[in-house]
Amino acid sequence: MGGATSGLKVFLANTYTLYLKTQNYHWNVIGPHFHSLHNLFEEQYKELANAVDEIAERIRALGDVTPGSLEEFSKLKTISEAKTRIDDISMIKDLIESHEIICKHVNLILRQAQDEQDDVTQDLLIGRLRVHEKTLWMLRAYVV
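Residue numbers (UniProt numbering): 1 to 144.
Keep in mind the hints are simulated off the structure, nothing from the lab. Beta carbons are placed, not taken as given, at the ideal position from N, Cα and C, and that holds for glycine. There's no promise every hint is true.
Stated by the list, open to error - When the alpha-carbon atoms are kept at most 25 Å apart in a straight line, the in silico DSS-like pairs for lysine-lysine are as follows:
#, residue 1, residue 2
1, Lys134, Lys46
2, Lys104, Lys83
3, Lys104, Lys134
What the hints assert, rightly or not - Cβ-Cβ distance ranges computed for the label pairs, FRET-style:
#, residue 1, residue 2, range
4, Arg85, Glu42, 36 to 46 Å
5, Glu100, Leu70, 17 to 27 Å
6, Phe34, Glu97, 28 to 38 Å
Make the full structure from the sequences, and use the hints.
And the structure:
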């Protein structure tokens, strides 16, 4: 398996961790922006759930085994898990940090996929990068 496949496994673990974190914040957000953030986080975690499946299936299409346990994800992930009992602005800042880490990692995998001339993986990564960058824009708008 190429370097992009190894990178995709980390990307999968990070995406799953971000999915859980975003859903956790959806459940636990409080404060004056409750309604808008509750809805925004729901939209984001649902999108991430689809991304998890898409990334996992790409790993399988490349002929590798997809990690799928919390233990495996915990070993592979490079972002933090959800913090407990934090205010809405801290949640947003935590999500921003996670999306930024993921964007940097996706760019690294993208270069590997380019080196391997893997157009399908490149397409997947460019699409995911687009989503993460848009999400960053939306989250940053709350903390200006």
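Verification of the hints:
Our distance criterion of 25 Å between C-alpha atoms is met by Lys134 and Lys46, whose separation comes to about 15 Å. About 22 Å separates the Cα atoms of Lys104 and Lys83, which keeps this hinted pair within 25 Å; it holds. Restraint check for Lys104 and Lys134: satisfied, since their Cα atoms lie roughly 14 Å apart, inside the 25 Å limit. With their beta carbons about 20 Å apart, Arg85 and Glu42 fall outside the hinted range of 36 to 46 Å.
The supplied range of 17 to 27 Å is met by Glu100 and Leu70, whose beta-carbon atoms lie about 24 Å from each other. A hinted range of 28 to 38 Å is violated for the C-beta pair Phe34 and Glu97, which are about 22 Å apart.
In this structure, the earlier hints numbered 4 and 6 are contradicted, and the remaining ones agree with it.
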